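As you go down the protein sequences, you meet chains A and B in turn. Each residue of the first sequence is one higher than the one before, starting from 1 at the first, in our numbering. Each residue of the second sequence is one higher than the one before, starting from 113 at the first, in our numbering.
It cannot be assumed that every hint is accurate.
[Stated by the list, open to error] Derived lysine-lysine pairs resembling DSS-like cross-links, with alpha carbons at most 25 Å apart:
#, chain 1, residue 1, chain 2, residue 2
1, A, LYS42, B, LYS121
2, B, LYS148, A, LYS22
3, B, LYS148, A, LYS42
4, B, LYS121, B, LYS152
5, A, LYS99, B, LYS148
6, A, LYS22, B, LYS152
7, B, LYS153, A, LYS42
8, B, LYS153, A, LYS71
9, B, LYS152, B, LYS131
10, A, LYS71, B, LYS134
11, B, LYS134, A, LYS99
12, A, LYS42, A, LYS99
13, A, LYS42, B, LYS131
14, B, LYS179, A, LYS68
15, B, LYS183, B, LYS152
16, A, LYS22, B, LYS131
17, B, LYS156, A, LYS42
18, B, LYS153, B, LYS131
19, A, LYS99, B, LYS164
20, B, LYS121, B, LYS153
21, B, LYS153, A, LYS99
22, B, LYS121, A, LYS71
23, A, LYS71, B, LYS156
24, B, LYS153, A, LYS22
25, A, LYS99, B, LYS156
26, B, LYS152, B, LYS164
27, A, LYS68, B, LYS152
28, A, LYS99, B, LYS152
29, A, LYS22, B, LYS156
[What the hints assert, rightly or not] Per the computed footprint, the stretches of chain B lying under chain A, defined by three or more beta-carbons under 8 Å from a beta-carbon of chain A, are:
#, stretch
30, 154-160
31, 204-213
[Claimed, not checked] Chain A regions said to be covered by chain B (calculated; three or more residues, Cβ under 8 Å):
#, stretch
32, 68-81
33, 85-93
34, 96-102
FYI, nobody ran anything at the bench for these hints, they're computed from the structure. Since the structure is predicted, the reported quantities are computational estimates derived from the model, not experimental observations. Where is the CB? At the ideal position from N, CA and C, for every residue including glycine.
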Amino acid sequence: GENVEQHPSTLSVQEGDSAVIKCTYSDSASNYFPWYKQELGKRPQLIIDIRSNVGEKKDQRIAVTLNKTAKHFSLHITETQPEDSAVYFCAASIDSSYKLIFGSGTRLLVRP
Amino acid sequence: DTAVSQTPKYLVTQMGNDKSIKCEQNLGHDTMYWYKQDSKKFLKIMFSYNNKELIINETVPNRFSPKSPDKAHLNLHINSLELGDSAVYFCASSQDPGHEQYFGPGTRLTVT
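Generate the whole structure from the sequences, applying the supplied hints.
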């Protein structure tokens with residue numbers, strides 16, 4: 001079955017710097033890759049997603065890139081702000097499978 | 113106005129007891145899920161339902177029995193609670209698999 005590995009487990013950056021979180025997946029049939037943000041004590045919320053027919057997607061300060069050949073996808077956050085501090089999860093699925101497999105999470109700390 | 117709601121928010125109980133968690137979504141979605149988030153923040157799919165039918169049972173012990181009385185509700189009943197069941201349980205819903213999942217606020221279950 002699908003396995004998703006996520007790195008790093010913790011990331012500390014200075015406000016204004018960029019942050020990059022990387023994930024790899026095992027099942028080459030996976031075609032849907034969402035990223036969720038979970039603030040302390042809150043529910044996970046989707047921040048961006050990408051499908052396998054595109055290589056990059058941007059939404060303001062957030063971008064996701066996908067390399068299908070290498071089975072890698074990454075989250076890029078530019079101009080980080082303290083409110084970006086949270087746990088970020090990548091995930092992968094085959095969009096007909098009803099099973100979203102999450103990475104282990106990255107705790108991002110943005111220092112003011 | 114809440115899209116996905118769960119009750120109770122907190123549940124403290126003793127080993128061996130039976131407890132239920134309720135979930136309701138008002139988004140008109142066809143698919144609902146239960147996830148378990150352990151103390152290390154791993155988010156793991158437990159069950160997926162589509163139109164009240166069980167689609168995925170991710171090797172969850174049969175002490176856990178989900179029930180979907182209609183498309184808007186997915187409840188989780190747990191028999192003979194064990195210490196290892198302590199976790200945060202999230203309900204989620206989506207229009208289809210392969211689309212954004214909306215999570216409930218979570219139920220923190222503590223088994224003593």
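These are the hints, each one checked on the structure:
1. Between the alpha carbons of LYS42 of chain A and LYS121 of chain B the distance comes to roughly 11 Å, so the proposed pair stays at or under 25 Å and holds.
2. For the hint linking LYS148 of chain B to LYS22 of chain A, the alpha-carbon distance of about 23 Å falls within 25 Å, and the restraint holds.
3. Restraint check for LYS148 of chain B and LYS42 of chain A: satisfied, since their Cα atoms lie roughly 14 Å apart, inside the 25 Å limit.
4. For the hint pairing LYS121 of chain B with LYS152 of chain B, the CA-to-CA distance comes to about 19 Å; that is within 25 Å, so the pair holds.
5. Taking the CA atoms of LYS99 of chain A and LYS148 of chain B, the gap is near 14 Å; set against the 25 Å cutoff, the hint holds.
6. At most 25 Å may separate the alpha-carbon atoms for a hinted pair to count; LYS22 of chain A and LYS152 of chain B meet this at roughly 19 Å.
7. A C-alpha spacing of about 12 Å is found between LYS153 of chain B and LYS42 of chain A, which places the hinted pair at or below 25 Å, so the restraint holds.
8. Using a Cα cut-off of 25 Å, the hinted pair LYS153 of chain B and LYS71 of chain A holds, with the two alpha carbons roughly 24 Å apart.
9. Simply put, LYS152 of chain B and LYS131 of chain B have alpha-carbon atoms about 23 Å apart, close enough for the 25 Å limit, and the pair holds.
10. Distance check on the hinted pair: LYS71 of chain A and LYS134 of chain B sit about 37 Å apart at the alpha-carbon level, beyond 25 Å; violated.
11. For the hint pairing LYS134 of chain B with LYS99 of chain A, the CA-to-CA distance comes to about 21 Å; that is within 25 Å, so the pair holds.
12. Distance hint between LYS42 of chain A and LYS99 of chain A is fulfilled; the C-alpha atoms sit about 22 Å from each other, no more than 25 Å.
13. For the given pair, LYS42 of chain A sits about 23 Å from LYS131 of chain B by alpha-carbon distance, which is consistent with the 25 Å threshold.
14. Taking the CA atoms of LYS179 of chain B and LYS68 of chain A, the gap is about 37 Å. The hint is violated against a cut of 25 Å.
15. A C-alpha spacing of about 31 Å is found between LYS183 of chain B and LYS152 of chain B, which places the hinted pair above 25 Å, so the restraint is violated.
16. Using a Cα cut-off of 25 Å, the hinted pair LYS22 of chain A and LYS131 of chain B is violated, with the two alpha carbons roughly 38 Å apart.
17. Restraint check for LYS156 of chain B and LYS42 of chain A: satisfied, since their Cα atoms lie roughly 16 Å apart, inside the 25 Å limit.
18. For the hint linking LYS153 of chain B to LYS131 of chain B, the alpha-carbon distance of about 22 Å falls within 25 Å, and the restraint holds.
19. For the hint linking LYS99 of chain A to LYS164 of chain B, the alpha-carbon distance of about 16 Å falls within 25 Å, and the restraint holds.
20. Between the alpha carbons of LYS121 of chain B and LYS153 of chain B the distance comes to roughly 17 Å, so the proposed pair stays at or under 25 Å and holds.
21. Among the hinted pairs, LYS153 of chain B with LYS99 of chain A is consistent with the structure: their alpha-carbon atoms are about 18 Å apart, no more than 25 Å.
22. At roughly 38 Å between alpha-carbon atoms, LYS121 of chain B and LYS71 of chain A are farther apart than 25 Å, so this suggested pair is violated.
23. Between LYS71 of chain A and LYS156 of chain B the CA atoms are separated by roughly 21 Å; this keeps the pair inside 25 Å, and the hint holds.
24. A distance of roughly 17 Å separates the Cα atoms of LYS153 of chain B and LYS22 of chain A; the hinted pair therefore holds under the 25 Å criterion.
25. The suggested pairing of LYS99 of chain A with LYS156 of chain B holds, with an alpha-carbon distance near 10 Å, which does not exceed 25 Å.
26. Using a Cα cut-off of 25 Å, the hinted pair LYS152 of chain B and LYS164 of chain B is violated, with the two alpha carbons roughly 31 Å apart.
27. Between LYS68 of chain A and LYS152 of chain B the alpha-carbon distance is near 29 Å, which puts this suggested pair outside the 25 Å criterion.
28. Note on LYS99 of chain A and LYS152 of chain B: the hinted pairing holds, with a Cα-Cα distance of about 21 Å set against a maximum of 25 Å.
29. Of the supplied pair hints, the one linking LYS22 of chain A and LYS156 of chain B holds, its CA atoms being roughly 19 Å apart against a limit of 25 Å.
30. Counting residues of the stretch 154-160 of chain B whose C-beta lies closer than 8 Å to any C-beta of chain A gives 5; at least three are required, and the coverage claim holds.
31. Residues of the stretch 204-213 of chain B with a Cβ under 8 Å from some Cβ of chain A number 6, which satisfies the need for three, so the listed coverage holds.
32. Given a C-beta distance limit of less than 8 Å, the hint that chain B covers the stretch 68-81 of chain A is violated, as 0 residues qualify and 3 are needed.
33. Note: the stretch 85-93 of chain A has 3 residues with beta-carbon separation from chain B under 8 Å; the three-residue rule is met and the coverage holds.
34. Note: the stretch 96-102 of chain A has 7 residues with beta-carbon separation from chain B under 8 Å; the three-residue rule is met and the coverage holds.
Figure legend: structure checked against the earlier numbered hints; hints not met, in rising order: 10, 14, 15, 16, 22, 26, 27, 32.
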